[in-house]
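Protein sequences, first through last, are from chains U and A.
If you count the first sequence from 1, position 67 lands on 67 in this note's numbering, and the numbers rise without skipping.
If you count the second sequence from 1, position 16 lands on 16 in this note's numbering, and the numbers rise without skipping.
Mixed in with the good hints there might be a few duds.
Output of the computed footprint for chain U on chain A, the stretches with three or more beta carbons under 8 Å from beta carbons of chain U [unchecked claim]: (1) 2-16; (2) 34-47; (3) 63-72; (4) 80-92.
Don't read these hints as lab results, they were simulated from the structure.
Here the structure is a predicted model, which is why all the values come from computation and not from measurement.
Glycine included, every Cβ here is placed at the ideal spot set by N, Cα and C.
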Amino acid sequence: MSLPLFLPLAALLLLSALGVVLNTHPVRSAMCLVATLFLLAVFFIFLDAEFVAALQIIVYAGAIMVVFLFVIMLLNLEKDEVGRTRTGWHMTTMVSAGLFAIGLLYIVYRAGTLLPGAGMGVAAPAAFGSLEMVALRLFTVYLLPFEITGLLMLAAVVGAVVLAKKKVA
Amino acid sequence: MTAVPTSSFIALSVLLFSIGAIGVLVRRNAIVIFMCIELMLNAANLAFVTFARQQGSIDGQVIVFFVMTVAAAEAAVGLAIIIAVFRHRQTVNADDLRLLRW
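Let's have the full structure, built from the sequences with the hints guiding it.
Here is the structure:
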C-alpha cells in the first residue's frame, strides 16, 4: 500500500469514526459506523487479509449493524437530550484521551523499525490470508477455542432471548 | 512506490481506539456507547491484522475471527439488556440509569 493511497483512506476512516462520536442522532452515528467498518475492510484487503475483510463486511457491517439499527428503530430514539452537556467532564475526557493517544503514538514511533518480522516491504507468503490458510489454522491449532466460541454463541442467543422477552404475569 | 510502514497502521489503530474511548466517556446514549465500544474493538482488529502481515503469520487473523465472534455475542446480549431497561425506564440515557451508581 503506497502513501498517496494510505493517507486519504486513513483521513476518511478517522472522519467517519469522529462522525460516530459527534452526531447527535443515533441513526447517523450508526451510518458513520457502517462507513468506518467498510473502510476498515479496505485496509484489511491491503494488509493481505481477504477472508477477514469479507467477514468484516458480512458480520460487522451486515449482521451486527442491522441489529443496532433494529434496536434504534424499535426504541424510536430521538436526539440526545441537549442542554445537559458538562463541559468540564468533556475537557477532562479529551485531555486524558489525547495524552493516552500521544503516549501510545510515541511508543509506536520509538518502536519504529525494531518490530520483529519481515515487514511490509517484503511480499506476503503465497495465499496469505486466504480462507484455506485461516481455516487450516482455525481447525487445527485453535480447535478448542473455536468449539468454546460455539458455546459462547449459544449462551448469547439464549441470554438475549431471555433478557428481551416480555415478562408474562 | 514504497510500502507504508507498519507503524502507520498501528498509529491509525491508536487514533481509532482513542476516538472510541472518547465516545464511550462523552456520549450518554447507551446504544451510541455500544457503537463506540465496537470502534475500539475494530481498532484492536486493525492492530492484529497489521501485526499478522508484519510477522507473516496467520495467527493474528485467526484472533480477529474470535474478536468478531465475541463482539457479535456482546452486541446481542447488550442490546437485549438495553431493550429490557428501556421497557422498565423508558430511557436509555446513561445519566438516568443510576440505581447501581455510588
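Status of the hints after comparison with the structure:
no. : hint  : in the structure
1   : 2-16  : holds (count 14)
2   : 34-47 : holds (count 8)
3   : 63-72 : holds (count 8)
4   : 80-92 : holds (count 8)
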